[in-house]
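Make the full structure from the sequences, and use the hints.
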Amino acid sequence: MLSIIIPVLNEDQIIEKLLFHLKENSSGENDIEVIIVDGGSTDNTRDLIQDFSKQTSTPEKFQNVKKRISFQLFSSEKGRAKQMNYGAKQASSETLYFLHADSFPPENYDKYILSEINQGNIAGCFRMKFDSSHWWLKLAGWLTRFKWKGCRGGDQSLFISKKLFNEIGGFDESYIIYEDNVLINELYKRKSFIVIPHSLTTSARRYKEFGIWRLQYHFWAIHLKKWLGANADELYAYYSKNIAKTQ
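At position 117 of the sequence shown (counting the first as 1) the number is 117 in this note's numbering, and the numbers step up by one without a gap.
Incorrect hints may have been included.
What the hints assert, rightly or not - Distance ranges between label pairs, derived from CB positions:
(1) ALA237 / ASP31: 39 to 49 Å
(2) ARG68 / LEU143: 17 to 27 Å
(3) GLN72 / GLU29: 16 to 26 Å
Stated by the list, open to error - Pairs of lysine to any residue, SDA-like flavour, derived with a Cα cap of 20 Å:
(4) LYS138 / ILE212
(5) LYS225 / CYS151
(6) LYS162 / MET1
(7) LYS23 / PHE52
(8) LYS82 / ILE212
(9) LYS147 / TYR188
(10) LYS23 / ARG68
(11) LYS111 / ALA91
(12) LYS162 / LYS225
(13) LYS129 / PRO106
(14) LYS89 / GLN72
(15) LYS226 / SER240
(16) LYS163 / SER93
(17) LYS78 / SER174
(18) LYS149 / HIS223
(19) LYS162 / LYS189
(20) LYS241 / ILE177
(21) LYS111 / SER27
Calculated directly from the structure, the hints in this document are not laboratory data. Heads up, the beta-carbon is just placed ideally off N, CA and C, and yes, glycines get one too.
Encoded structure:
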């Protein structure tokens, strides 16, 4: 079994597309539970998830799927780390898969993840590509095939055994941003990370909204600040001033 955990906040423009994608692109060989954790959406996100869950809850909806995939909606405090930790506590599976609402894993994603787990690879991600033809974003996606820590990020998604996740202590909830990288750093310290040679597609919507170079500059600045010793509050203050206010 695979537990997919998706934190959401006001994602009514894309969440239904993602849930449909997960259903249609599973291998049909494994049981899957999709745990969506809402941090207080004020748009139609919750209604869309609940409607989708009802529509896919009857056996006739799964004629092309050998095993069941379920969709569950939960609520928690706002904050992606808090939402993902809460989702992990609800998970029935010993394999957790954390996924952003605008990232779409490859066909047979569950088969690839569980195959790695069965081989003893207890944490990792997919390669990534953006839904954009811009040369820089194509290059950034191409670089994710390498195992270098600098090529990692939350948009690539993350699978991890529940045992290892709990040993680490889950996501550090003091981080409002950068929580994915903090956990990934812990995995690299333990030499417990692999990159599956299949690509996930993630949205370039934020780059399109803010401008590719403007947004990339601020992301680089955040990484540099962390490398120089900035704490969680300092990183969030920079994010709030330079990125969040432009959303």
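Going through the hints against the structure:
Taking the beta carbon of each, ALA237 and ASP31 are about 43 Å apart, inside 39 to 49 Å as hinted. Taking 17 to 27 Å as the suggested C-beta distance range, the pair ARG68 and LEU143 does not conform, at roughly 37 Å. For the hinted restraint 16 to 26 Å between GLN72 and GLU29, the CB-CB distance of approximately 21 Å keeps it satisfied. Our distance criterion of 20 Å between C-alpha atoms is met by LYS138 and ILE212, whose separation comes to about 12 Å.
Note on LYS225 and CYS151: the hinted pairing holds, with a Cα-Cα distance of about 17 Å set against a maximum of 20 Å. Proximity of LYS162 to MET1 is assessed by CA-CA distance (about 12 Å); at most 20 Å being required, the pair is judged to hold. Proposed proximity of LYS23 and PHE52 is supported: the alpha carbons are some 11 Å apart, at most 20 Å. In summary, the hint linking LYS82 to ILE212 is not supported, as the alpha carbons are separated by about 29 Å, beyond the 20 Å threshold.
Under the criterion of a C-alpha separation no larger than 20 Å, the hint pairing LYS147 with TYR188 is consistent with the structure, at around 10 Å. A C-alpha spacing of about 10 Å is found between LYS23 and ARG68, which places the hinted pair at or below 20 Å, so the restraint holds. Taking the CA atoms of LYS111 and ALA91, the gap is near 18 Å; set against the 20 Å cutoff, the hint holds. Restraint check for LYS162 and LYS225: not satisfied, since their Cα atoms lie roughly 30 Å apart, outside the 20 Å limit.
For the proposed pair LYS129 and PRO106, the alpha carbon gap of about 11 Å is at most 20 Å, so the pair holds. A threshold of 20 Å between alpha carbons decides the hint, and for LYS89 with GLN72 the separation of about 13 Å falls inside it, so the pair holds. As the CA atoms of LYS226 and SER240 are separated by approximately 15 Å, the hinted pair is consistent with the 20 Å bound. With a CA separation close to 11 Å, the supplied pair LYS163 and SER93 stays within the 20 Å bound.
With a CA separation close to 12 Å, the supplied pair LYS78 and SER174 stays within the 20 Å bound. Proximity of LYS149 to HIS223 is assessed by CA-CA distance (about 12 Å); at most 20 Å being required, the pair is judged to hold. Annotation: proposed proximity of LYS162 to LYS189 holds, straight-line Cα distance about 18 Å (limit 20 Å). At roughly 13 Å between alpha-carbon atoms, LYS241 and ILE177 fall within 20 Å of each other, so this suggested pair holds.
The hinted pair formed by LYS111 and SER27 meets the criterion: a straight-line CA distance of about 6 Å does not exceed 20 Å.
Hints 2, 8 and 12 from the earlier list are contradicted by this structure; the remaining hints agree with it.
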